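> Residue strings, one per chain:
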Amino acid sequence: MRRRVVLVQLAAPCALVVAVALLGTLVSRSSEGYFVDSLVKVSIVVALYVFIGNSGVLSFGHVSFVALGAWTAGVLSVPTAEKPAIMPNLAHFLRSTTVGNVPSLLLAALAGGVVALVVGLALMRLSGLAAGIATFGVLEITHNMLRYYEKIGPGLNTFSSVPETTGLLQASVGALVAIGVAFAYQRSRFGRMLRATREDAPAASAVGISVYRQRLGAFVVSGVLAGLAGGLYVHLLPVNTESLYLDLTFVTLAMLVVGGASSLWGAVVGALAVSALDSFLAQAENGVKVLGATLDLPAGTRLVVVGVLMALVLILRPSGLTGGREFPLPRRRRA
Amino acid sequence: MLTVSKLNQYYGGSHTLRDVSFDIPKGACTALLGRNGVGKTTLLKCLMGLVPARSGALMFENTDITRLTPYARARLGLAYVPQGREIFPRLTVEENLRMGLATKPCSAAIPAQIFDMFPVLKDMLARRGGDLSGGQQQQLAIARALVAEPDVLLLDEPSLGLAPRIVDVVFDALAAIRETGLAVLLVEQRAQRTVALADRCHVLSNGELRVTLDRSDAADTEKLVAAYFS
Amino acid sequence: MLGVLNVDWQTLADALALGAVYALMAVGIGLVFGVLRLVNFAYGQLVMAGAYALAFASQWNWPGWAGILLCFAIVLTLSLVMDRLVFRPLRTQSPAVMLVATFAVAFLLQSIALLWFGPLGKIASSLAPLNRPVTISGVDIRKIAIVAVIVAALCLLALQLLLTRTTVGLQMRAAAMDFRTARMLGVRANRVIGGAVLISGALAAVVAIMLTVQTPLVTPDFALRDTIVVLAGVVLGGLNRPVPATLGGFAIGFASGLLGGALPTTQSQYLPSILFAAVILVLLVRPNGLFTRDRESLERV
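Residue numbers (the working numbering), protein chains in the order written: chain Y, 6 to 340; chain B, 3 to 232; chain H, 14 to 314.
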């Protein structure tokens, strides 16, 4: 493919992220939170895309890696003095170790990748319905373990006292890193081989592509990115097992579907578009002025609207807003 | 009776049926012959509506059925016995037959004449379809189509994979069916036996209906070969 | 009883009852899967809707039978609406899209309930007396446990009769086996699917009634956990065939009830992990399910 087209395909989502970040600097402190949140969501959705978009296999379990990343980064970066307060039963090693911001993020990414490898080794043989249910099982197991196994984290409690280092800068850097990795992957040999299996698995297998191995590769990469996103998340908000469970799974899947599951551009557009809508609705739930009139929606409307949007897209335009294509260059007319 | 006018069909990019026109009169057995892959099965599927035709018209009695769904055509009186029979292996023989009554009101029963024509089925009513031999399954498939008391019967290679003795049974049954006034369209590969049974044979070649033979041509091997390979 | 686990008659009865309820849910999910090849993640929301109907009836002081009627009316209507608006447009899509879509619908319905009814929940208390125990030869067993098992058995029997003795049932079975051939024979697709959806909905209503007796507090995530566990059970048993699916639902319900009641809390809180680890294991080893025979070797060529 021509160099220029490639560059544009990478530049477009990056530019969008940077634009959103810059916009975020212009708004008030209270609104800034929405922008940061949406940028972290970009990381999660891009992680989802790396696996689902390239392999065509559904995974309901990626939020487990986000949760594990959050747990890793959170447990390791809460100041040692404060750990006993929220995590009284923490294992000794974890209690005495505290790391800085960037190391916590790197470890979060590592944790996500390692667990994704272990899970993937078992699950990548499956596809279709079986994969959906098995990955859902992974989500359930992670949620269950994190909730009750207090040696590795706060269990039922909410993560507090985690240094709030994820602002506009950290979130956008994280998003750009995710986009960069995802782009590198999809342009690589492995990405292409995996996409071949998405189109026609038996044919791909017949030319010597190991479906299992390629899926595993993408699963691990997406696990790393999801773990990183989890690290970013825990440094942004107080999270707990419930906020990194079904709701987040649904919202991020909705973002991917609405944007267009088969392209990186779709993932980024979906994440930002749905976040924008969600943020607007969140403000409307608290009463907001629109074109002179006051809009005051009842609490809970956001989820309904996002849900309806996702259902509509699936029924009417399953390829999403972007049609599953990367950012298109305007065609130059030949003279 | 069923009239086919200028039927055109494409499979992928290739033009598989070109301006095919013929009719299937009542009380007669019309046969469609031709080499493998020439489009005979596609033609039958078009007639039944399982595959849409690119252009052309299908008239049943005085009704234009070209755009009707398979379900609607079944209701009008068309019945189709596909290649490979496609009976329900996990349902019993009786249940398979009752499935043939789908177009009839709930209270309809299996007509007794079916068992006169295929006595072997009567002994096997409680057996699962999948446990029957190939020949028995073929008889079941035809019986199932007849249970609906159709006006037109379309058969796709009923003798495929059957022992000669069973082929006799099937062809005898087809002759008997013809006597009851049905319009029968038979797609077959066994040219000689088919030409002997049918009232008229059309030979499909390169998507076109080139040659028409009748019963007297059955013994003329040269003519048959010429028809197939023209 | 069992020496290792602390099981008494009451726990056993409760486990049987849970198994019975889950078996009904499994049938409901399996029926729709059979004719549509679609796993309805939103099945639990049908149960939730029925439970809310009962809660409102209880709030308005309606007599028990009226509440039950309302429950059926709401659930059946919602089932048909789901079929028309969601299942039908999706019929031509790939299994992955169908899966995500029903997941979206499940979430959407839960969000609507949250919006409409608020998170605090309502109480459905009309049939509460059934939750009280009856003493049989010195053992306390809750009436609902006995009722649940009997009702489930009756429903399954009725369904079996419907499927094997009636024309509609026969057509449903045939359509589940080979939809194309069934249509070719003149079976009306919409009618068969509509029938399956209605029966599935009726079962959801029955489940709602029985679950509200045990858990009178109805919240927007009512029966969500149960649906997830039943889905696991159905996959474990064998999604493709009705009997294995039902057995799978019963087995997982019974196991959950037994382990949940018999194990000390420090261990039983990990029950979901154990269950799902088992599901994953089965999916890897026997993707067709535990209770199906390996049909490959039995099929005639």
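FYI, nobody ran anything at the bench for these hints, they're computed from the structure. As the structure is a computational prediction, the values presented were derived from the model and not from experiment. By construction, the Cβ of each residue, glycine as well, lies at the ideal position given by its N, Cα and C atoms. Treat the hints with caution; some may be incorrect.
Said to hold, decoys possible - Between beta-carbon pairs, the in silico distance windows are:
{"no.": "1", "chain 1": "B", "residue 1": "F117", "chain 2": "H", "residue 2": "R178", "range": "20 to 30 Å"}
{"no.": "2", "chain 1": "H", "residue 1": "L82", "chain 2": "Y", "residue 2": "E290", "range": "53 to 63 Å"}
{"no.": "3", "chain 1": "H", "residue 1": "P146", "chain 2": "Y", "residue 2": "S36", "range": "24 to 34 Å"}
What the hints assert, rightly or not - Sample of chain H residues facing chain Y (criterion: CB under 8 Å; computed from the structure):
{"no.": "4", "residue": "N144"}
{"no.": "5", "residue": "P146"}
{"no.": "6", "residue": "V292"}
{"no.": "7", "residue": "L296"}
{"no.": "8", "residue": "V298"}
> If a hint holds in the structure, say so; if it does not, say that too.
Hints, verified against the model:
Between B:F117 and H:R178 the Cβ separation comes to about 22 Å, which falls inside the hinted range of 20 to 30 Å. At roughly 36 Å, the beta-carbon separation of H:L82 and Y:E290 lies outside the given 53 to 63 Å, and the hint is violated. For the hinted restraint 24 to 34 Å between H:P146 and Y:S36, the CB-CB distance of approximately 57 Å leaves it violated. Violation of the interface hint for H:N144 is found here, the shortest Cβ-Cβ separation to chain Y being roughly 28 Å, above the 8 Å cut-off.
This hint is violated: H:P146 has a C-beta 30 Å from the nearest C-beta of chain Y, more than the 8 Å allowed. Taken as an interface hint, H:V292 checks out: its beta carbon lies about 5 Å from the nearest beta carbon of chain Y, inside 8 Å. Of the supplied interface hints, the one on H:L296 holds, with its beta-carbon coming within about 5 Å of a beta-carbon of chain Y, less than 8 Å. Against a cut-off of 8 Å between C-beta atoms, the interface hint on H:V298 is violated, since the closest Cβ of chain Y lies about 11 Å away.
Violation of the numbered hints given earlier is confined to hints 2, 3, 4, 5, 8; the remaining hints are satisfied by the structure.
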